[in-house]
Amino acid sequence: MKFKLDLSLLLVLISAAIYAQKPMDRLSVNQNEFVNEEGEIMVFRGVNTSDPDKLEKDDLWNENYFKEIKDWGATIVRFPIHPEAWRERGEKEYLKLLDKGIEWAEKYSMYVILDWHSIGNLKNQLYLDDMYYTTLPETFAFWKLMAVRYGDRPSVAFYELFNEPTVYNQRFGTLKWKEWKSIMEEIIIIIRANGGEGIPLVAGFNWAYDLGPVKEQPIDAENIGYVAHPYPQKREKPWEPKWTEDWGFVKEKYPVILTEIGFCDESSPGAHVPVISDESYGDAISNYADINNISYVIWVFDMDWAPRMYKDREFTPSRQGEYFKKKMRSYKK
Amino acid sequence: MKFKLDLSLLLVLISAAIYAQKPMDRLSVNQNEFVNEEGEIMVFRGVNTSDPDKLEKDDLWNENYFKEIKDWGATIVRFPIHPEAWRERGEKEYLKLLDKGIEWAEKYSMYVILDWHSIGNLKNQLYLDDMYYTTLPETFAFWKLMAVRYGDRPSVAFYELFNEPTVYNQRFGTLKWKEWKSIMEEIIIIIRANGGEGIPLVAGFNWAYDLGPVKEQPIDAENIGYVAHPYPQKREKPWEPKWTEDWGFVKEKYPVILTEIGFCDESSPGAHVPVISDESYGDAISNYADINNISYVIWVFDMDWAPRMYKDREFTPSRQGEYFKKKMRSYKK
Amino acid sequence: MKFKLDLSLLLVLISAAIYAQKPMDRLSVNQNEFVNEEGEIMVFRGVNTSDPDKLEKDDLWNENYFKEIKDWGATIVRFPIHPEAWRERGEKEYLKLLDKGIEWAEKYSMYVILDWHSIGNLKNQLYLDDMYYTTLPETFAFWKLMAVRYGDRPSVAFYELFNEPTVYNQRFGTLKWKEWKSIMEEIIIIIRANGGEGIPLVAGFNWAYDLGPVKEQPIDAENIGYVAHPYPQKREKPWEPKWTEDWGFVKEKYPVILTEIGFCDESSPGAHVPVISDESYGDAISNYADINNISYVIWVFDMDWAPRMYKDREFTPSRQGEYFKKKMRSYKK
Ligand SMILES: [Mg+2]
Ligand SMILES: [Mg+2]
Ligand SMILES: [Mg+2]
Ligand SMILES: [Mg+2]
Ligand SMILES: [Mg+2]
Numbered sequence: 001m002k003f004k005l006d007l008s009l010l011l012v013l014i015s016a017a018i019y020a021q022k023p024m025d026r027l028s029v030n031q032n033e034f035v036n037e038e039g040e041i042m043v044f045r046g047v048n049t050s051d052p053d054k055l056e057k058d059d060l061w062n063e064n065y066f067k068e069i070k071d072w073g074a075t076i077v078r079f080p081i082h083p084e085a086w087r088e089r090g091e092k093e094y095l096k097l098l099d100k101g102i103e104w105a106e107k108y109s110m111y112v113i114l115d116w117h118s119i120g121n122l123k124n125q126l127y128l129d130d131m132y133y134t135t136l137p138e139t140f141a142f143w144k145l146m147a148v149r150y151g152d153r154p155s156v157a158f159y160e161l162f163n164e165p166t167v168y169n170q171r172f173g174t175l176k177w178k179e180w181k182s183i184m185e186e187i188i189i190i191i192r193a194n195g196g197e198g199i200p201l202v203a204g205f206n207w208a209y210d211l212g213p214v215k216e217q218p219i220d221a222e223n224i225g226y227v228a229h230p231y232p233q234k235r236e237k238p239w240e241p242k243w244t245e246d247w248g249f250v251k252e253k254y255p256v257i258l259t260e261i262g263f264c265d266e267s268s269p270g271a272h273v274p275v276i277s278d279e280s281y282g283d284a285i286s287n288y289a290d291i292n293n294i295s296y297v298i299w300v301f302d303m304d305w306a307p308r309m310y311k312d313r314e315f316t317p318s319r320q321g322e323y324f325k326k327k328m329r330s331y332k333k
Numbered sequence: 001m002k003f004k005l006d007l008s009l010l011l012v013l014i015s016a017a018i019y020a021q022k023p024m025d026r027l028s029v030n031q032n033e034f035v036n037e038e039g040e041i042m043v044f045r046g047v048n049t050s051d052p053d054k055l056e057k058d059d060l061w062n063e064n065y066f067k068e069i070k071d072w073g074a075t076i077v078r079f080p081i082h083p084e085a086w087r088e089r090g091e092k093e094y095l096k097l098l099d100k101g102i103e104w105a106e107k108y109s110m111y112v113i114l115d116w117h118s119i120g121n122l123k124n125q126l127y128l129d130d131m132y133y134t135t136l137p138e139t140f141a142f143w144k145l146m147a148v149r150y151g152d153r154p155s156v157a158f159y160e161l162f163n164e165p166t167v168y169n170q171r172f173g174t175l176k177w178k179e180w181k182s183i184m185e186e187i188i189i190i191i192r193a194n195g196g197e198g199i200p201l202v203a204g205f206n207w208a209y210d211l212g213p214v215k216e217q218p219i220d221a222e223n224i225g226y227v228a229h230p231y232p233q234k235r236e237k238p239w240e241p242k243w244t245e246d247w248g249f250v251k252e253k254y255p256v257i258l259t260e261i262g263f264c265d266e267s268s269p270g271a272h273v274p275v276i277s278d279e280s281y282g283d284a285i286s287n288y289a290d291i292n293n294i295s296y297v298i299w300v301f302d303m304d305w306a307p308r309m310y311k312d313r314e315f316t317p318s319r320q321g322e323y324f325k326k327k328m329r330s331y332k333k
Numbered sequence: 001m002k003f004k005l006d007l008s009l010l011l012v013l014i015s016a017a018i019y020a021q022k023p024m025d026r027l028s029v030n031q032n033e034f035v036n037e038e039g040e041i042m043v044f045r046g047v048n049t050s051d052p053d054k055l056e057k058d059d060l061w062n063e064n065y066f067k068e069i070k071d072w073g074a075t076i077v078r079f080p081i082h083p084e085a086w087r088e089r090g091e092k093e094y095l096k097l098l099d100k101g102i103e104w105a106e107k108y109s110m111y112v113i114l115d116w117h118s119i120g121n122l123k124n125q126l127y128l129d130d131m132y133y134t135t136l137p138e139t140f141a142f143w144k145l146m147a148v149r150y151g152d153r154p155s156v157a158f159y160e161l162f163n164e165p166t167v168y169n170q171r172f173g174t175l176k177w178k179e180w181k182s183i184m185e186e187i188i189i190i191i192r193a194n195g196g197e198g199i200p201l202v203a204g205f206n207w208a209y210d211l212g213p214v215k216e217q218p219i220d221a222e223n224i225g226y227v228a229h230p231y232p233q234k235r236e237k238p239w240e241p242k243w244t245e246d247w248g249f250v251k252e253k254y255p256v257i258l259t260e261i262g263f264c265d266e267s268s269p270g271a272h273v274p275v276i277s278d279e280s281y282g283d284a285i286s287n288y289a290d291i292n293n294i295s296y297v298i299w300v301f302d303m304d305w306a307p308r309m310y311k312d313r314e315f316t317p318s319r320q321g322e323y324f325k326k327k328m329r330s331y332k333k
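Residue numbers (full-length UniProt numbering), protein chains in the order written: chain U, 1 to 333; chain H, 1 to 333; chain G, 1 to 333.
It should be emphasised that the hints constitute simulated quantities derived from the structure, not laboratory data. Any given hint might turn out to be false.
[Stated by the list, open to error] Within a straight-line C-alpha distance of at most 35 Å, the following computed DSBU-like cross-link-like pairs (lysine-lysine) qualify:
hint: 1; chain 1: U; residue 1: K311; chain 2: U; residue 2: K327
hint: 2; chain 1: U; residue 1: K107; chain 2: U; residue 2: K67
hint: 3; chain 1: G; residue 1: K176; chain 2: H; residue 2: K176
hint: 4; chain 1: H; residue 1: K311; chain 2: U; residue 2: K181
hint: 5; chain 1: G; residue 1: K178; chain 2: U; residue 2: K181
hint: 6; chain 1: U; residue 1: K178; chain 2: H; residue 2: K181
hint: 7; chain 1: H; residue 1: K215; chain 2: G; residue 2: K178
hint: 8; chain 1: H; residue 1: K181; chain 2: G; residue 2: K333
hint: 9; chain 1: G; residue 1: K178; chain 2: H; residue 2: K176
hint: 10; chain 1: G; residue 1: K54; chain 2: H; residue 2: K176
hint: 11; chain 1: U; residue 1: K92; chain 2: H; residue 2: K92
hint: 12; chain 1: G; residue 1: K253; chain 2: G; residue 2: K70
hint: 13; chain 1: U; residue 1: K57; chain 2: U; residue 2: K70
hint: 14; chain 1: H; residue 1: K178; chain 2: U; residue 2: K215
hint: 15; chain 1: G; residue 1: K70; chain 2: U; residue 2: K181
hint: 16; chain 1: U; residue 1: K176; chain 2: H; residue 2: K333
[Unchecked claim] Below, a sample of chain U positions facing chain G; criterion: calculated Cβ distance under 10 Å:
hint: 17; residue: Y94
hint: 18; residue: E138
hint: 19; residue: I187
hint: 20; residue: A193
[Claimed, not checked] Covered stretches of chain H (chain U as the covering partner; in silico rule of three or more C-beta atoms under 8 Å from a C-beta of chain U):
hint: 21; segment: 138-145
hint: 22; segment: 181-195
Glycine included, each C-beta is placed from N, C-alpha and C at the ideal position.
Work out the full structure, taking the sequences as your base and the hints as a guide.
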């Protein structure tokens with residue numbers, strides 16, 4: 001009995017020794033880079049969790065899940081909060097999931113991106129699926145609450161305001177950049193006024209792919225970053241010149257983070273356009289990102305959603321899992 | 001037993017022989033006319049059903065109802081879909097009603113107008129009655145769904161975007177034509193992008209009566225038509241010059257369809273302004289329409305709603321029923 | 001038995017004799033004053049009831065409550081209708097409360113202010129608390145209904161369109177005066193078109209404190225008044241020059257009414273910024289109002305809400321209750 005207790009205590013101490021860290025820095029923007037409190041450039045590689053609500057139902061929203069992510073080499077995690085899950089679980093219960101996830105991320109020194117995971121046209125309230133349904137006032141209220149609750153917590157470093165704005169070839173109607181820009185700026189004002197000290201991230205049209213309008217009409221706010229989701233089939237090879245043209249050029253002036261990248265082969269469960277590719281994509285996108293000091297976050301650390309990173313509850317890597325596990329571990333920390 | 005089977009089979013065959021038609025044409029707009037695939041000008045006369053939900057509750061939403069309509073001489077039917085009925089029955093169940101109604105209309109070679117049957121100011125969400133309540137996003141979503149489901153079905157020829165826009169002498173606040181035009185154009189974009197190949201129909205203010213603003217600011221879209229509901233008491237006799245001034249002038253440049261006309265005498269059940277009149281109105285409006293190649297649709301093939309076209313479940317014509325039954329049958333098909 | 005009946009009848013007659021009045025005048029605006037039908041300037045002092053829904057639950061929404069208010073010297077009462085209470089009780093039941101309250105106010109010859117008691121940014125639907133939650137269409141519909149039901153009732157003299165517009169230092173985002181002005185003008189149009197003959201009251205930003213923008217961009221409507229809620233801690237002493245600068249200057253051109261004033265000491269239940277002060281505030285604000293023919297309404301005739309006017313169900317005055325009871329009684333009626 002005593003021995004057992006001692007052993008468990010010992011494990012706790014070892015774990016504490018390994019993971020005890022100085023408190024995480026408040027990140028900020030310096031020119032076109034994310035920097036820590038010492039002004040050092042910070043580049044992150046990490047993974048998307050699936051929706052915390054989904055993981056909780058799977059009995060996977062626990063410390064071990066985060067320990068595994070850390071073990072794969074991640075320094076950042078993104079929580080895709082689906083509006084429908086947010087409403088169905090209820091604000092109070094969902095916040096408990098976020099509280100725990102943030103704590104586990106902190107324990108393993110990983111920064112957190114909060115992501116309001118909708119896909120569609122917020123102006124017209126037309127979305128790809130019911131799970132993405134939200135309204136402008138609900139979106140404002142969500143970010144107000146995030147700012148009040150997590151605004152002074154440095155680990156919660158990024159606020160991704162709206163996952164993937166798209167009019168889907170006008171199936172969701174129209175949305176002008178000027179209208180989108182104005183919505184984004186309003187949310188940023190609300191976040192800041194409610195104490196949100198983190199970095200708001202703004203996505204472009206075409207499912208968070210096209211940042212072209214930023215050239216002429218950047219978001220009118222300081223200390224923000226831009227997002228791209230350059231999945232392999234958004235463009236034909238050679239990708240690099242197109243990436244530069246479509247979103248990479250933004251990095252000349254502002255920080256850019258790829259909050260969703262990933263691939264799988266055609267036979268993989270859930271394979272769909274635009275994610276079908278192979279390791280050549282992995283090489284291309286990680287190299288492009290590394291050369292340009294661009295952080296990236298792989299979609300998705302889950303066994304059911306696609307493209308998956310692992311295949312079973314033992315976290316056996318999928319094909320892209322193997323690729324990115326090796327890749328993430330290869331960076332100097 | 002065998003005999004009975006044969007007889008019923010025989011009846012089916014006869015019925016098929018009578019009504020079997022070449023597949024219905026996709027209608028389109030050529031200058032100021034609706035035309036078929038051969039480019040021939042098409043002018044329709046037909047009736048409004050009451051709300052399919054209401055008819056289903058009455059046990060009248062069946063083939064016999066459509067057979068009766070055909071027998072009265074109709075070549076078109078309009079389905080007034082009330083937003084409240086749409087929500088209360090639920091999208092899935094309501095679609096089943098539409099599926100069946102469209103099939104019966106096709107069987108009797110009648111074209112269909114889908115009509116989002118609201119009355120009021122969509123901008124302010126103020127309506128004549130709860131049954132007309134809707135929102136802009138619900139209206140977008142409704143038409144998106146209609147386009148996806150019926151967009152490639154030629155029999156579903158017309159989409160009447162919003163039955164009767166009105167601010168009711170400002171009781172519903174204000175609505176500028178520019179605002180209305182912009183809403184209509186957004187819906188048309190959504191319909192087209194979702195595969196809706198039919199002809200959108202746009203109504204004017206004053207309960208779908210006044211098309212004056214079309215002169216200076218027509219809807220910015222091709223292949224559409226305009227709607228008027230010139231009930232008798234909208235204007236004093238002689239009606240014709242006023243009709244030309246208020247909405248008829250539009251026919252010089254664009255197709256126009258009168259998706260609601262009708263009359264009853266004062267003692268008729270449900271008689272109300274602006275529908276009280278007599279056969280002189282029937283003569284005037286049908287002549288005006290015929291001279292100008294304008295299609296018209298009588299309100300309403302129901303025994304409870306006013307002005308009614310029949311009086312009992314045997315479809316005994318009401319006064320306007322008698323008038324229009326004779327009239328519709330008089331046209332060469 | 002007979003004696004009892006006679007006695008109660010006698011009491012009714014006495015009561016009728018005391019309170020029977022000529023029907024109340026329709027008030028209107030003449031230049032910068034509220035006037036009666038004889039054109040005489042009318043200045044009111046009175047109290048805010050708490051929410052009629054709250055008082056009904058307390059078993060206080062009865063004639064005796066109004067009799068007590070009258071006895072304190074009030075000539076006006078304001079009903080703060082919280083949107084949440086409105087929805088929860090339901091329109092039909094809430095209207096019964098209003099019907100009764102208006103009748104009792106009339107019996108004691110007190111005018112009524114209907115107040116849509118929300119606090120926050122109506123444009124973004126961000127509010128101080130759930131009880132203040134509403135939407136623009138709900139607000140339109142509320143005032144449409146008020147106009148239809150009470151629009152021709154002279155006792156219902158004022159419509160306070162929205163209690164306290166505030167962006168709370170941008171915690172509720174942004175709201176431009178031009179946007180607010182446009183919302184107010186739309187509501188006024190709706191009220192008038194639905195028969196509302198009373199006087200709409202418009203509040204300024206900063207929780208109904210700052211009327212600065214009225215200087216350059218007054219509301220584009222006749223026969224209206226402006227509102228200020230100059231609680232003591234909105235500004236430091238000496239208050240008078242700041243009051244003039246912030247809202248008092250409006251009285252040079254338009255009527256102004258202070259629909260919420262009040263104070264309590266720090267130890268008082270519910271004491272909070274900006275209401276903490278003492279009788280020096282009572283002197284200052286009532287003098288300022290009196291000198292400028294400005295009506296005022298004390299917050300709040302309740303024993304639970306702060307700053308309260310009485311302390312128990314016997315209506316024992318609180319500190320501000322004593323002050324204002326004496327003050328209100330001191331005016332010539
Ligand atoms: Mg905090
Ligand atoms: Mg995605
Ligand atoms: Mg009608
Ligand atoms: Mg009345
Ligand atoms: Mg207040």
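To see whether the hints hold, each was checked on the structure:
no., hint, result
1, U/K311 to U/K327, "18 Å, holds"
2, U/K107 to U/K67, "9 Å, holds"
3, G/K176 to H/K176, "21 Å, holds"
4, H/K311 to U/K181, "58 Å, violated"
5, G/K178 to U/K181, "20 Å, holds"
6, U/K178 to H/K181, "20 Å, holds"
7, H/K215 to G/K178, "31 Å, holds"
8, H/K181 to G/K333, "56 Å, violated"
9, G/K178 to H/K176, "18 Å, holds"
10, G/K54 to H/K176, "41 Å, violated"
11, U/K92 to H/K92, "32 Å, holds"
12, G/K253 to G/K70, "31 Å, holds"
13, U/K57 to U/K70, "22 Å, holds"
14, H/K178 to U/K215, "31 Å, holds"
15, G/K70 to U/K181, "55 Å, violated"
16, U/K176 to H/K333, "48 Å, violated"
17, Y94, "17 Å, violated"
18, E138, "9 Å, holds"
19, I187, "8 Å, holds"
20, A193, "4 Å, holds"
21, 138-145, "holds (count 3)"
22, 181-195, "holds (count 6)"
Checked against the numbered hints given earlier, this structure breaks hints 4, 8, 10, 15, 16 and 17; the rest are met.
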